[in-house]
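Following the hints, complete the assembly by docking chain B onto the known chain A.
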Amino acid sequence: MIPVIHYLFLSFSLLLIGIIGAKIRRNIMIKLFSVELILVATSINLAAFARLFGDAAGQTFALFTIAITGAELLVGAAILAAVFRRWHAVPVPAAQEAPPQPNIDY
Amino acid sequence: MLTHALDAIRTFMHKDGAVLLPELELLLFAIGILAMDFWITQRERFWSPALALAGTVFSGLTLWMLRTRILQSGDLIGVHESVIADSYFVFFSALFLVATALVILLSLNTPTTSAVNQGRHYALLLFACMSMMLMISSVDLLVIFLTLEAAAVSSYFLAATPGFSAKADPGAAKYFLKSALGSAIVAYGFSLAYGLTASTNIGKVATGLARRHNLANVIALSRHADAQGAQLQQLLQTRLPEALHWHPWMLQALPIAAFTLVFIGLVTKLKTLSAHHWSRITNSTAPLTVTLYLGGAVVIATIALFLRMSLTVFADSQTTWWYVIAAFSVVIIVAGTIKSFASSNLERLVTYSIQVHIGYLFLGLVAADEAALTAMTYYLFAYLFMLTGTFAVLLALRRGAHHNSEQSGNVENLSDLRGLRRRSPITALLLIIFVLSLAGLPPTAGFFWRYSLFRALFETGHHAMAWFTTVASVPLAGAYLRIVIYAWRNNTSSPQAETSPVSFGVAEAIVLGICVFVSLAAGLYSEPFTRVARYAFGP
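As they're listed, the protein sequences go chains A and B. Okay, so the first sequence: first residue is 11 according to the numbering used here, each after it adds one. Okay, so the second sequence: first residue is 41 according to the numbering used here, each after it adds one.
It is possible that some hints are incorrect.
[Claimed, not checked] Cut-off 27 Å, straight-line C-alpha distance, at most; resulting in silico cross-link-like pairs (DSSO-like, lysine-lysine): (1) B:311 to B:379; (2) B:55 to B:244; (3) B:379 to A:33; (4) B:311 to A:33.
The set of hints was computed from the structure by calculation and includes no laboratory data.
Isolated chain A, as found in the complex:
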């Protein structure tokens, strides 16, 4: 049996990749996938611990996490589709920020 620490390292690296991806990548789809990567890391963690403890709670938690990942992806896809329809391209919020207009007048 593979020791649990291996799974922990795997899931921790997935977590780091996910956080870095969600923070620095500019494509909104890749940002979304990075977030889902973190949820996958969570499921790996839960499944590994459930196996370690011989406990069904962790597996249930992992299943729910997967279901929630699906639901969230759906909502995200709906919102992105609405954005896409309006611009015919996927804009990146951070990248295309216009400079704030100077409108201070005392």
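Structure of chain B alone, referenced to chain A:
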């Protein structure tokens, strides 16, 4: 067959159903509103908000009955020990119901064609409220995660509601991405907590983590070269020989990692709640009522969830994790203050300053004694009314601007406030009261809270943090005072001065009346309000 089903329902209502009844009622009303939306005509639109209000009232009455039952027979636990109904739950559920009712009342004045006035908007509000109530009552990591996500999904849809310019989407996408990132990080923290304690029940998780914390302390003490250290070393030799090779830091690292991840995740969610409002690509904004709901009720729910988690699951290691909280609070407060000071846009100033309030609220956990926690719940209570009042005034102002100028979706600048005292003295006065309360100046609720926080921090020995709160509130007060100056200065050069009076509807007047009463009364005579706040931690 039918009697069988009725019996089953009756048994359910006597056991688990009793704990969930307020949430179940909201759910029924929300589904009813959604179903009704298909066949009502444009003229019968008023039924959706009416039903939504009725739902909150019914749920509130059930909550009151639940409260008397808790007073008589103690906390109720149900659904396989995953949901609890205690005074903490009752306090925050009541707060969410009030927040939802106020937002529904404020939505009444929007034009019937707007997206805010559709049945699904009110149904979403009820769904979000239900999820938040469940979130506060759940004591199982799995249920907490599920309800957190349910509340988040409702808020994603709410944030995607088109506002004045029907262009809220990019803001919603940004909000969705950041909030989903936050939820995922929270889930990872939960999985670590499960791995450390082999349980998802937060009571058992708390015991497991406390045991780990104690073992780390014993190992640390056994390394001292004195008589007690030798004694402890002998004890470990007989009981747990391998522990002699463990470093106490090793045992503490994973719980702290779990705590930090949960905290970072929730802070990520909280920060986006106040920032989603403004999307710079399109110069567009979400409806103000939605921003109010996200910045008010959802912020309160997230902070209340974190409070419950840190008081149960991570209670023993408070001496270790307060550094994390203090560091984050300082960063959030400084960043939020700079942003709100720099923005000349009225709505942005208010939304950015929500961040600063979140930072201050977390500082209560640095002190974490009874006075500080009561101050926290007191402020969560008062904050809701101050924020709702401010947004109600902003809504009225925005409507005035909308009437006056041809460009719809015209966002209020600070300079648009010029001559407000002449246009409508009452509006100016109300705005000033709410803004002073948010700024934390006497005689308002905000001041009383700042003072309690300062005293609690000082008495628990966090002198540096106490002085930081005082010094940092000066620039924030400055940012808010700009609003006051603009609203009060008698400047007749504004073309709007004569042409656009500010008018309030009946519902808005009710909301404003309640909010002004709480903001002032809680500051002037705080005793009953503190008693209500203390109720959250036990009747």
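If you test the structure against every hint from before, which numbers come out violated? none
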